[in-house]
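Peer 1: With chain A held as given, fit chain B onto it using these hints.
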Amino acid sequence: MKKIRKSPLLFAIFLFLLGACQEFVHNSFDTFTGRVVDQEGKRFPGLELTVSQDIDFMNGQVPAAKSIVYRIKTDERGEFSFILPTRHPDAVDKYSYLSLTVPYRFQTEFNGEFVTENFLLASDAPRDADEVRDLGVLKIVRE
Amino acid sequence: MIRKSFFAFLLFWAVLPGFSQEVKEEERLPKGQFTFSPGAALGYRAFEKGTYLGDTYALGLSYRLTLDFGFHGYPGIGIYFDKQEASIQNNRFLGVFFSEVRMPETGIYLYHQVPLVKNLDLRGELGYGQLQVIHGLSPSRFILDYGNYSGRLALQYTVAKEVKGVFDLKLVFGGNYSLLNGNKIVINPGDRSYMQRASALQGIFGIHLLYL
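Chains A and B, in that order, are what the protein sequence lines are. Position 104 (the first sequence) corresponds to 104 in the numbering used here; numbering is contiguous. Position 19 (the second sequence) corresponds to 19 in the numbering used here; numbering is contiguous.
For the record, the hints were derived by calculation from the structure and aren't laboratory data. Treat the hints with care, since some could be wrong.
With a straight-line Cα cutoff of 27 Å, these simulated DSS-like cross-link-like pairs (lysine-lysine) come out [unchecked claim]:
1) A/Lys66 x A/Lys139
2) A/Lys94 x B/Lys184
3) B/Lys164 x B/Lys49
4) B/Lys184 x A/Lys73
Isolated chain A (complex conformation) (with noise of 0.2 Å):
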């Protein structure tokens, strides 16, 4: 009888654990978009950005791309945009990064000062209604 009790609980929670193995929301896409200027706020056409969904910090000095999804350029406008499925808020791999080849970084404010990397995390972008997370403008530097 006791059993009995116990078993809805345990298939709700293996229901639960289910649910929160699954990598993907199902019927949802996400898109990314942005835009790309040089250091004088200069559109910047032809970049090309990798989007991947890690980062190797063991790959000598530079932080390099890993598991590659696409490689993407900026149109004539310096826009940007990539679409890839909805990735569920407790998948262990929920992240996309966004990276640039040298001699480029991009350059953003870190508690006032300005600091340079050669990726960004692109999935920490806010999202709306359609699902459409927009990165803002990038400013990238030369080094």
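Peer 2: Frame of chain A; chain B shown alone:
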């Protein structure tokens, strides 16, 4: 053009019962007798190019299992299960996460059939099904759901009557036209129509067993 053909098909299906009174055939079954008829068929489906489904997947052969219920001489109802395998072509939606796709579909249809000449029947169907496009394997599955409104015309040829005194064996050859709607799919407004809408043509060849 294709949509016009679909509506012409609907019109034809609506007047089909009138046809049946024109063609006389030796009737072995009394009108109104309950019948059921399982069937199996091989098919090939092609999605409309210029849509997500048409541009993204290279389709293989499909198989379909059906079960008809009805009263002889009247329109009947049936259920079906269809499955098709596909591979993924270059696209800008799925990344590199998946290599295999399965497309199971379950649904229900109304059918009616009329004799044309001896041993040859014309059959019309109107159906609705749920098509799932399943990428990858659990827990890395990614599913897209489409509603599938379909119409079908087929010829049924009776190969053998009263096999073992139990059933008639019929060969079926026909075509299917579908309108697919994936309005559950969330995507940016610019790609929504491309992703959510498609039409499909499907050719089928199979057998039906009519239990007496």
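Peer 1: Compare the structure with each hint and give your call.
Peer 2: Outcome of the hint check:
Among the hinted pairs, A/Lys66 with A/Lys139 is consistent with the structure: their alpha-carbon atoms are about 23 Å apart, no more than 27 Å. At most 27 Å may separate the alpha-carbon atoms for a hinted pair to count; A/Lys94 and B/Lys184 meet this at roughly 22 Å. Proximity of B/Lys164 to B/Lys49 is assessed by CA-CA distance (about 47 Å); at most 27 Å being required, the pair is judged violated. Annotation: proposed proximity of B/Lys184 to A/Lys73 is violated, straight-line Cα distance about 31 Å (limit 27 Å).
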